[in-house]
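Below are the chains, spelled out letter by letter.
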Amino acid sequence: MGQRERNWLLGELPTWVADGVVDGLTAERLRQRYAAAPATGRSWGMIVCGVLGALLVGTGVILVLAHNWEGLSRPWRTVHSFAPLLTVQALVVLGFARGWSGTAWRETTGLLWVCAIGACIALIGQTYHLAGNTEAFLLSWVILVLPVVWLTRAMSVLAVYLALALAWASFDKLDDGVALLFWPLAAAALPVVWAAVRQNPYGQCAVLMLWAVALACTAAVGITLEKIMPGLWMVVYAGLFATLYLIGGYWGAEAPTFWQRPLHTIGSFGAVVLVYLLTFDWPWHEVGWQHLRNGSGFHPGAALFDDALALVLPLAALVLLVTAVRRRQACRIPFGLLPLVIAAGYLTAAARGWNSHIPFLLCNGYLLALGIAVLIQGVRRGHAGTVNAGMLILMGLILTRFFDSDYSFVAKGVVFIILGSLFLGANLLLARRRKEVAA
Amino acid sequence: MSSRTRMTLFLALTFVAQLAVPAGMIVRRELALQRGAALRFHTAPVDPYDAFRGRYIALAFNERSVPCAETFRAHQSIYVRAETGTNGFASLVEAARRPGDTGVWFRASAGYGAGEKAVSVDLPFDRFYMDETSAPQAEKLYRAINRRNRPAGEKRETWLQVRVYRGLAVPEELYVDGRPIRAALRQTK
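Respectively, the protein sequence lines represent chains S and V.
All residue numbers for the first sequence refer to the numbering used here, where the first residue is 211 and numbers rise by one.
All residue numbers for the second sequence refer to the numbering used here, where the first residue is 653 and numbers rise by one.
These aren't lab readings, by the way, just hints derived from the structure by calculation.
Mixed in with the good hints there might be a few duds.
[Claimed, not checked] One side only, chain V facing chain S, incomplete, derived with CB under 7 Å:
id, residue
1, L683
2, R687
3, A726
4, S729
5, Y731
6, V745
7, E746
8, P776
9, P823
10, Y827
The model shown is predicted, which means the values in this text are computed figures rather than measured ones.
Positions of the beta carbon are idealized from the N, C-alpha and C atoms, including for glycine.
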């Protein structure tokens with residue numbers, strides 16, 4: 211909570227006690243809790259400034275070195291290549307000896323450290339005219355940055371580490387590689403995320419780390435799949451999004467904002483986007499085991515990873531769904547069913563060919579049901595954001611199918627008006643309900 | 653062992669690893685430059701576009717297709733044997749999965765277009781770094797000499813001198829008409 215919000219809360223307390231909203235004891239507890247809490251808003255301002263400063267200093271040093279590069283002999287170039295790295299290492303030793311462990315210090319030093327490692331390898335590469343092997347450069351960088359992630363436990367270092375690992379995987383894949391090493395590399399950083407989550411699951415550091423990990427994994431699945439069996443990505447992504455959504459629901463659903471529920475948010479948003487894509491005909495063309503790909507760029511051994519993901523992720527989602535139902539969280543069912551629906555559509559398309567229309571109808575029906583379910587949940591909870599999300603899903607689906615067809619402009623116009631009125635009506639109804647509850 | 657001692661140890665190990673990896677890169681290349689066998693490769697015209705160019709000269713070579721007894725897939729790591737001919741320039745004579753006992757072998761990778769009796773090779777030296785002022789001028793000079801439609805009778809050439817030691821090939825100098833590229837650039841100014 212920022213300083214402004216805290217001041218507001220402390221200012222409101224006497225009024226709340228006078229109005230009988232909270233008793234004196236609770237008010238005192240709240241006063242103690244928020245008067246003693248550190249001013250995190252200011253700290254994050256410092257962190258952002260520190261990170262930007264670190265990046266500017268790091269880049270500036272490299273540019274100054276680069277300007278004088280041609281005039282330096284090879285031994286001097288070597289010395290200059292190591293200078294930024296040695297300087298940062300000295301800074302780290304100084305911080306360690308003096309017990310500096312604040313977030314701003316860790317984020318700033320960590321990022322400088324990452325830049326210094328990259329600069330060192332790149333400058334040596336220039337000195338010895340290393341060939342343009344980008345993935346070898348990135349992989350060395352990623353591996354050398356891993357201990358920095360562990361040592362600094364900094365959010366920005368973790369994000370850069372995952373971005374570098376993703377960049378390496380992309381380049382490796384472009385060069386017909388397998389890129390599966392991304393997963394052990396990502397897993398190696400997880401203890402840091404786990405430690406942050408255990409400390410405070412709704413703290414900014416843990417939340418940002420979870421966003422970084424979830425987004426990186428979402429991108430990495432697409433990059434590392436071998437794609438020998440066309441269309442298997444649908445089942446894998448369905449399993450991934452449902453698993454993220456259900457883990458987010460199981461663990462951290464109490465967070466007050468969608469921003470503080472990264473797994474839940476990415477899982478639900480990804481699920482809607484995926485099903486929306488699959489309501490079209492084109493993704494179902496030539497999928498399944500009858501259209502297996504081969505050639506020098508495909509590695510049959512690595513395809514086992516695709517098969518494993520297509521099995522493990524939907525199964526994990528299913529187990530989590532059963533757990534959610536047992537905990538009487540029926541609201542998780544609509545999104546939890548995603549892998550089953552997509553797997554059914556995929557098997558049908560693979561067995562009968564895309565012109566069977568069953569997958570197409572299945573996904574359209576499922577997205578319609580999902581939109582209605584989200585809408586109902588929003589109305590029941592009196593949550594305008596969820597109602598609007600449900601309305602958006604329904605509007606998106608109806609309008610897309612409508613534009614696919616050959617109806618006249620008048621008919622399209624009427625549908626626009628009806629949908630717009632429904633949208634406004636639902637929000638009006640919700641606002642009126644809130645007023646009634648408040649009264 | 654206390655947590656502070658463990659932390660100190662881990663920090664020390666990290667520092668050593670972070671310094672050892674680049675230091676290892678330097679040592680291997682310095683050894684190649686000091687002790688390696690010298691090979692000269694004639695350069696060839698380059699592709700006209702490279703998005704990352706600017707601080708180095710992109711190099712291309714006439715020597716690309718190498719006879720071999722086995723088949724390779726694209727990007728596979730291979731070893732290539734080079735021999736210096738009577739004209740003083742190297743040619744690639746053989747490619748194999750492992751280096752042979754005799755001759756100068758260096759590590760490269762198989763390119764696309766690999767066949768059964770010859771393999772297209774991606775050489776491990778495709779760029780020559782210079783600073784941001786010299787690199788564009790040097791590249792202009794390099795491209796002028798290496799252009800495809802040169803006037804008949806024009807006898808200008810560029811080559812790259814490479815040192816090979818224990819399978820590692822390290823570019824040493826780029827020559828233009830017999831002079832190192834920096835000297836050639838100074839003369840054209």
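Quiz prompt | Violating hint indices (sorted, rising) | solution = 1, 2, 4, 5, 6, 7 and 10
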